[in-house]
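As numbered in the numbering used here, residues 76 to 261 make up the sequence shown, in order.
Worth flagging that the hints you see were computed from the coordinates, not collected in a lab.
Treat the numbers as computed from the prediction; the structure is a model and nothing was measured.
Note that CB positions come from ideal geometry on N, CA and C, so glycine has one too.
Accuracy of the hints is not assured; some may be wrong.
[Said to hold, decoys possible] Label pairs and their calculated CB-CB ranges: (1) Lys184 - Glu143: 16 to 24 Å; (2) Asp174 - Ser105: 12 to 20 Å; (3) Gly87 - Gln246: 17 to 25 Å; (4) Val231 - Asp112: 25 to 33 Å; (5) Glu190 - Ile138: 14 to 22 Å; (6) Ile109 - Asp227: 20 to 28 Å; (7) Thr89 - Ser175: 29 to 37 Å; (8) Glu131 - Thr225: 16 to 24 Å.
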Amino acid sequence: TPCAGTTWESNGKTVAGGNGPSSALNQLNSSYGIVVDSNNVLFVSDYLNHRVIKWEQGASHGILHIGELCGTNTNEEFCYPSAITFNKEGTLFVTVQSDSIGSVMSLKKGATLVETFITVNTSIYGIVWDQNEEYLYLGHHREHRVVKYTKDGKFVSVVAGGNGAGPALNQLDYRDKNIQKSHVPL
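The task is simple: from the sequences and hints, build the whole structure.
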């Protein structure tokens, strides 16, 4: 039984969005990823609005944290953010997509400049650090694989899949686009 012994609240509470799909700061449009930081602040990757929204506890609207640059004449393209995570130092990592290119963008705690951390020739829809934060695992969507990188962004190896889409033990099928800690060897 999944989560045996766990009790669940029978009535959920909307804590972000809930006002229809659009671009106001009390709305989201295809939120693909969420993460809570060490201060219990919720961060949401708002895929179709090309942004990450920060939601304080009890807030009626979010605060723009990163984004809204996709398609503008800037040096930074922050398009279609999906997976999102923090490391222990408080750096935010977000996967973004542009055509057939996927990138991991990083924003250090207290910084305002978003930096490109990793770029690959595929969409990336999953991101997770190992327990010691020595390695970062990315879900390469179209290659149906999970890839391991060092903490400074260097490729290490394919750790799962990479043999086309399918049900075999050496295959993955990323129709749902997500990886979680339970999917990678930690």
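Here is how each hint holds up against the structure:
1. Remark: the range hint 16 to 24 Å for Lys184 to Glu143 is upheld by a beta-carbon distance near 21 Å.
2. A C-beta distance of roughly 18 Å is found between Asp174 and Ser105, which places it inside the suggested range of 12 to 20 Å.
3. Judged by the Cβ atoms, the range 17 to 25 Å given for Gly87 and Gln246 is violated: they are separated by roughly 35 Å.
4. One distance hint, 25 to 33 Å for the beta-carbon pair Val231 and Asp112, holds here, with the actual separation near 27 Å.
5. The supplied range of 14 to 22 Å is met by Glu190 and Ile138, whose beta-carbon atoms lie about 21 Å from each other.
6. A beta carbon spacing of about 26 Å between Ile109 and Asp227 agrees with the range 20 to 28 Å that was offered as a hint.
7. Between Thr89 and Ser175 the beta carbon distance is about 35 Å. The supplied range of 29 to 37 Å therefore holds.
8. Checked against the given bound of 16 to 24 Å, the beta carbons of Glu131 and Thr225, roughly 34 Å apart, lie outside it.
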